[in-house]
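Let the sequences and hints guide you as you build the complete structure.
For the sequence shown, counting from 1, position 37 maps to 37 in the numbering used here; every step adds exactly one.
Check the hints yourself; a few may be wrong.
[As the list claims (entries may be wrong)] Quick list of in silico lysine-lysine cross-link-like pairs, BS3-like style, CA-CA up to 25 Å:
hint	residue 1	residue 2
1	Lys841	Lys803
2	Lys515	Lys211
3	Lys324	Lys274
4	Lys182	Lys254
5	Lys189	Lys179
6	Lys71	Lys546
[Said to hold, decoys possible] Restraint-style ranges between C-beta atoms, simulated for each label pair:
hint	residue 1	residue 2	range
7	Asp454	Gly184	31 to 39 Å
8	Phe295	Arg399	21 to 29 Å
9	Lys211	Arg63	22 to 30 Å
10	Cys329	Thr372	47 to 55 Å
11	Thr722	Gln832	22 to 30 Å
12	Arg545	Val198	52 to 60 Å
13	Ser595	Lys211	28 to 36 Å
Keep in mind that the hints were calculated from the coordinates and are not lab data. Source: prediction; values computed, not measured. Cβ coordinates follow ideal geometry from the N, Cα and C atoms, glycine included.
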Amino acid sequence: MQASMRTLALCPLGVARLGKIPSPRLLSPCIRTLFSETGVWEKDYRTETRRRVEEWWHPRIMRYRTPQTLKFYVLSMFPYPSGRLHMGHVRVYTISDTIGHFQRMRGHQVLNPMGWDAFGLPAENAAIERGLDPGEWTISNIQSMREQLDSLGLCFNWDREVTTCLPDYYRWTQYLFIKLFKAGLAYQKEAVVNWDPVDQTVLADEQVDEKGRSWRSGALVEQKLLTQWFIKTTNYAKPLLDALADLPEWYGVKAMQANWIGECTGCYFDFKLKLNGEETGETLSAYSSSPETVFGAAYLAILPSHRLLHGSSSVRSALEKVLKPGRDCLTEVTARNLFTSQEVPLVISHREAFDGYLDTVIGELQAWGGLTRQQAFNSVTQKAREQRVGGHLTSSKLRDWLISRQRYWGTPIPVVHCGSCGAVAVPEEELPVVLPKLPSLKGKGASPLDAAHDWVNCKCPRCKGPARRETDTMDTFVDSAWYYFRYTDPHNNHRPFERRLADHWLPVDVYIGGKEHAVMHLYYARFLSHFCRDQGLVAHREPFRKLLVQGLIKGQTFRLADSGQYLKREEIDFTDKEPVAVGGGCVEVTYEKMSKSKHNGLDPQEVVQQYGVDTVRLYILYAAPPEQDILWNVKTDALPGVLRWQSRLWQLVTKLRAARQLAGIPDPSVLKKKELAEVKKIWENKNYAIQEVATPQPYTRLSQGFTLFNSQILYLPEGSATVRVMQHSVEFEEALAALIMMAAPMAPHLASEVWAGLCQVQNPLTPLLQQGGDVLQQSWPNVDPEYLDVPDFVELSVLINNKPCGTVTVPLQVSKDFERVQQLVLESPLGQKHLGEHNIKRAILSPRTALINFLTDE
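What follows is the structure in structure tokens.
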């Protein structure tokens, strides 16, 4: 199945129906020529030209690989294979693809992989509804989405594709689970859990909304006592919290992670329960906010909701005998602290200590003498960790990661249960534990895997006696907690990844995804990376250097004001200034996350068919900074402007080619003073834009610097002077080349074609156009050294109501900082004289020239 996914035919861009590749002659009754194909330059960039350009360059662009030594790992969060892309997918993958092209041109060996988060409830529920195998359903969806991604011209490293539902991937998820199990970090216990009665599975606390409903099905969640598998992430709470300080700011995500973990000022200690002087075999982990006073513990407290008071606990009857509503109750049960060996009574407390997050809490602690409090704290926690009975610093609100799911379509937990040996890990050489084929999925009751009797009944790996396989499967967050590692070595059959390769590529240089994963996924991925570091599997603790959280693309929604009912666009009357419902009624117009139910979604393929791939890419990059939301409205937004811009870029190449044909041999000495001033301005604009893009975060400043540059090049005054500049200046030629190279990561198809046209201009003045190669194979343009040799200060012209009134000298490094420039001007003698007594309505700092204009009340 995997091989078939990697041999899909590429679909030409702009084709409405995926998988059907029409002959170019069927695209239009009148075929326009394409320069790269025919050597004939088309003067205008029309719709048909755009289609031909994208169709021609699409397969060629996807083949580019540059053999460089400096690595750059750009990773976008892999999707669930639902079968259809949405505009959110298009945005995140456009950003990663642009960064990838940009970094290749800057001399990096780029890893930009893609894969599929392919296990989970949606596929299983779809299979139940349709009577299908979830594997077949998932692979079919992957093939469809793969074709869609290819049609968008995205240059992923498809040779590194991973699919989490295939045994060659989840074999290693099981391997890492066994590593956790052997390290004492994966364990099983009874717990009162959130049960989704519709999806018939356990939910983590984070998957339940503030109204107590499932995040996926919307059902009211029930509380149920089940034996579940947990991963002891609390043991890594303090390292994970401390490591945040060494990471760059993540658009507020660092604060969210820190809040999620909480203040790590206490730890857990393990206790063995005793009844009538005999140990019951049950172990509790109890939290203490003052571990240095553990030798003075007076009692162990549990809440009435604790699992010991439910289910089949051996001490349940003893606890129920003394339980009284609203009162703290001393029980017959005692608990032996495995660290101190002291025995304390067990108390049922109705006080919701620690906001109800914790099962247990040690109370009424006394001071431990002999050491300072901090020395005692350090000594106690260190010795408890060494004895493996607790001591790991964590917060009072953080809980271990519940990974059990009572569903079929997930990674099998590689454990067998033996009556003699207990829970035993499957030997690593027997991995993967492959999901069995089931005749049907009912989705009710216990795990569907219980029905696979031949699979469930097995031999114990340790004593060879009869045993049963674990029938819970893993939460899909386990699969995605390590996929960034597998991309570095995706075909390794001997281990999850080679350390040498993982150390070369990691940490991920830029990780791109939605803010909805800012807590759970990032926390689990960071945890597993820390664990792998401690296991000697990798050198780095933190998996991601920089995080780029992209905003939503929101669509325009129309709702009836009285009922809140969502209306389709065709149900709205736009005749008057304010829209109204066709059948009558006031309409509220808002922007919301795109969805079918709100009638505000967009099919990416339809948008690409109408506007073209490069247009959509440019729009996504220009409409808003990556971290902000985009409000999609084709009538008022930048889409028409982006279309015009592409046409103007094409026209610049057309004009230069025509000017050189008329000029003969270029001769810069013929340029006059005014033309030389124009040439100098072009040169300055080029260098300024290149410098702006280079620092400090090029992947977020690319479109900004590009806009500054092209606004100067594209709006040159018409007339003979401009034509003579085109004919005889190397500066214009170099600036246009730089403009096209800067456009290439964002609009690779258009840039590739206009670059081909520019390189064939007559009598080129710059060697750059003679060296050959497509635009994406060029090195990113550099700032000219002489441009950097500039004074530390700049003379800023000051205008008041568009009238010059003098100049103010400001430091060069703040000359583009509006607030600093305004402050310096107002504090200067010129500002105090001319602006001191005026009411300033607005100030405008030119992005291109050293000029600021103050608009005041006359």
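- Message: Lys324 and Lys274 were given as a pair; does the straight-line alpha-carbon distance stay at or below 25 Å?
- Response: The given pair, whose Cα atoms are some 21 Å apart, holds under the 25 Å limit.
- Message: If I claimed the Cβ atoms of Asp454 and Gly184 lie 31 to 39 Å apart, would that claim hold in this structure?
- Response: With Cβ atoms ~32 Å apart, the hint holds.
- Query: Quick one, are Lys189 and Lys179 close enough, alpha carbons at most 25 Å?
  - Reply: holds (19 Å)
- Message: Lys71 and Lys546 were given as a pair; does the straight-line alpha-carbon distance stay at or below 25 Å?
- Response: holds (15 Å)
- Is it true that the C-beta distance of Ser595 to Lys211 lies inside 28 to 36 Å, as the hint says? violated (19 Å)
- Task: Indicate whether the distance between the beta carbons of Lys211 and Arg63 respects the range 22 to 30 Å.
- Result: violated (51 Å)
- Query: Does the Cβ-Cβ separation between Cys329 and Thr372 fall within 47 to 55 Å?
  - Reply: violated (37 Å)
- Proposed proximity, Lys803 with Lys841 (alpha carbon, max 25 Å): holds (16 Å)
- Message: Holds or violated: Lys515 and Lys211, Cα atoms, limit 25 Å.
- Response: Given pair Lys515, Lys211 holds - Cα atoms ~21 Å apart, limit 25 Å.
- Task: Starting from Lys182, check that the Cα of Lys254 is at most 25 Å away, please.
- Result: Roughly 31 Å separates the two Cα atoms, so the pair is violated.
- Message: Can you tell me whether the CB distance of Thr722 to Gln832 sits inside 22 to 30 Å?
- Response: Hint violated: Cβ distance 42 Å, outside 22 to 30 Å.
- Hint check for Arg399 and Phe295 - Cβ pair distance inside 21 to 29 Å: holds (27 Å)
Hint compliance for this structure: hints 4, 9, 10, 11, 12 and 13 are broken, all remaining hints hold.
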